[in-house]
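S.K.: Could you put together the complete structure from these sequences and hints?
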Amino acid sequence: MSARGSRAGRWLSVGLLTVASAAALFPVFWTISTSVKNRVDTFANPPKFVRFAPTAKNYRKLFDSPDFWRIYGDTISITLASTALCVLAGTMAAYALARHRRFPGRRPLEATLVLVRAMPGMVLMIPIYQIVTRLDLYDNRWAMILIYATINLPFAIWLMSGFIEQIPVEVEESARTDGASPVRVFWNIILPLAAPGIAATSIFVALLAWNEFLVPVLLAGQHSKTLPVYISGFISNRTLDWGPMAAASALAIVPIAVFTALIQRRLVGGLSSGAVKE
Amino acid sequence: MTTAMVGEVPLESDEDLRALGRRSRRAERRRGEGLWGWLFLSPSLILLITFVIVPIALALYVSFTKWNGQGGPFSKSASWVGLENYQRLLTRSGLTRKNFSTSLRNNLYFVLLVVPLQTIIALFLAIILHQRKLKGKSFFRTAFYMPSISSAVAVGMIFVFLFASGGVVNTVLGWFGAKDISWFNNGTGIFHSFFKVLGVDKPPSWLASHDFLGLSWWNWISGPSWSMTVIIILAVWTTSGTFMLMLLAGLQNVPEEVHEAAAMDGAGRWQTTRLVTLPLLKKQIILVVTLGLIGTWQMFDQIYVMSDGAGETMTPAYLAYVSGMKDNRLGSASALAFILFGIILVFTAVQRFVTRDKEGGR
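Protein chains in written order, with our numbering: chain A, 2 to 279; chain B, 1037 to 1398.
In case anyone wonders, no lab produced these hints; they're calculated from the structure. Among the hints, erroneous ones may be present.
[To be verified] Chain A is nowhere near these chain B residues, computed Cβ spacing over 12 Å in every case:
(1) R1128
(2) L1148
(3) S1229
(4) V1236
(5) L1249
(6) L1287
(7) A1369
(8) F1389
[Said to hold, decoys possible] Derived list of chain B stretches under chain A, where covered just means 3 residues or more per stretch with a C-beta under 8 Å from a C-beta of chain A:
(9) 1110-1121
(10) 1373-1385
Positions of the beta carbon are idealized from the N, C-alpha and C atoms, including for glycine.
M.R.: Structure, rendered in structure tokens:
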């Protein structure tokens, strides 16, 4: 290809990428801009894109409601606890599956993991709702943490398997001949070596948990409500308060977005060295 | 099994004896390893048995009963009805079947449009982003990934706002001369709208008189409704970024030299992409399509937030929710969810079959 042709090609790619990223970012931009608009500007026709006087009123309204901070804190703690449980259990399972290829339960377990992914959430949630209410665990944070962790477990095991399979067996065999127990080997050798994989998996699982909707909308009442359920509550009464809704949405999206932007290089790296490669 | 193998080995020398000792020690260790294997698996197994296996078994049982959720599923309030719930959904004509087949139709158009669109867009973005000399690569990558990490609920609400009458989308379309489109509670299929433009206002009798699962052929070919179109756009917008990231990860495992060699041989960009990049990405593409199929057949969050099933956006997953959690028809809802599970399995199996390695493991 001639130099000029490839230069034109590069401009074309940059042009296409710019249009595509504008489309990708616009709804997020619109959420943020709606969150700092007055009611009049929100419903202005034609819509006001940039020329309006920003206001902090919507955020103040949100922060003044006693529920908001509790819900925000609950969402963080449910996300963190379920992610920790999910990734720890997932890493242990991935290690067992990667190292014990002749293990008798391997095939059925792997089949179960695939089936869980394809299983409609409703198959699980209808009976889970019945069980949870009967055990008096409706609106209970611990129940939600366990269920969140289980739902994301197949994904965590799948992603972690890719990382663990890359750790050479020789590393742990030398430790084993020195008499270290499998638990020690796992804790002192496998975990540190798998740390980049664990970090990437944790982030993906935490993103899923943070945005999880089906589980909390069915199982959470007033005491364990999460942010997505809170946001969806704005629409239930047809008179919709767009400003505070957009503010709550912005607070659900922006911190995660900033964090992901900072570590995005690692995420792609994590995926490419992990399971997706296979 | 190990002992049987040992038994077949004729023992002749010390060498063999030592080998035998090694073998039995290894067998012992393997048995020990099996135990440790179970130990490492136990947290996952406990979670999966409690929250997956037991609920599935329960749901399967409930799907053969008529139960309104009062009392236990094994008590008198739940009566065993055999296959009746499945028959009502599939073979017996009535409202239950019509609602179900309508939801299937709605979801089918959703799958047929979203899966190809999100795969092609993700592939296209990944290939452009993979060029070595591209400036601002990490900005674009982050921008495209942004929709995937945004809460589906928050974004669903904003889409409602964007597509509302007098909203941004209609305003922008207005610049091009389009009149205000009512996107919500609009159950007209876009193919039907198109036929209308062509002058076909009423269904031809041969389409109206035949039906499948209680829904006339004319209704099957309606296309996605205008309301569903918004949710299709939202779904493509949300998922393309994740899939792009997965494809990009796959591309990073394609050695740079492969592309350089292709360029050296005088291959153009399109040729390189078609003949070199795509075959090397095959596994990731299959993964993305599989995940896409599974995800699109389980459409729930956005329907809950955006339409509540109105405007022909009812999907089987949402219908299961409505009949199970709102109408308290747990048997029917469970049967529906299992049929949906069957559909997902069939779709993924067909897709696996179509994309299987035809050249025999190359």
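S.K.: For each hint, tell me whether it holds in the structure or not.
M.R.: Hint check results:
1. R1128: Answer for R1128(B): holds, closest chain A Cβ roughly 22 Å.
2. L1148: Per Cβ check, L1148(B) is outside 12 Å of chain A; nearest 18 Å; holds.
3. S1229: Non-interface label stands for S1229(B): nearest chain A Cβ at 24 Å, farther than 12 Å.
4. V1236: holds (34 Å)
5. L1249: Given that every Cβ of chain A is farther than 12 Å from that of L1249(B), nearest at about 19 Å, it holds.
6. L1287: Answer for L1287(B): violated, closest chain A Cβ roughly 8 Å.
7. A1369: Violated, since 6 Å does not exceed 12 Å.
8. F1389: holds (16 Å)
9. 1110-1121: Violated, because only 0 residues of the stretch 1110-1121 of chain B bring their Cβ atoms closer than 8 Å to Cβ atoms of chain A.
10. 1373-1385: Since three or more residues must qualify, the claim that chain A covers the stretch 1373-1385 of chain B holds, with 7 doing so at under 8 Å.
When each numbered hint is compared with the structure, violations occur for hints 6, 7 and 9.
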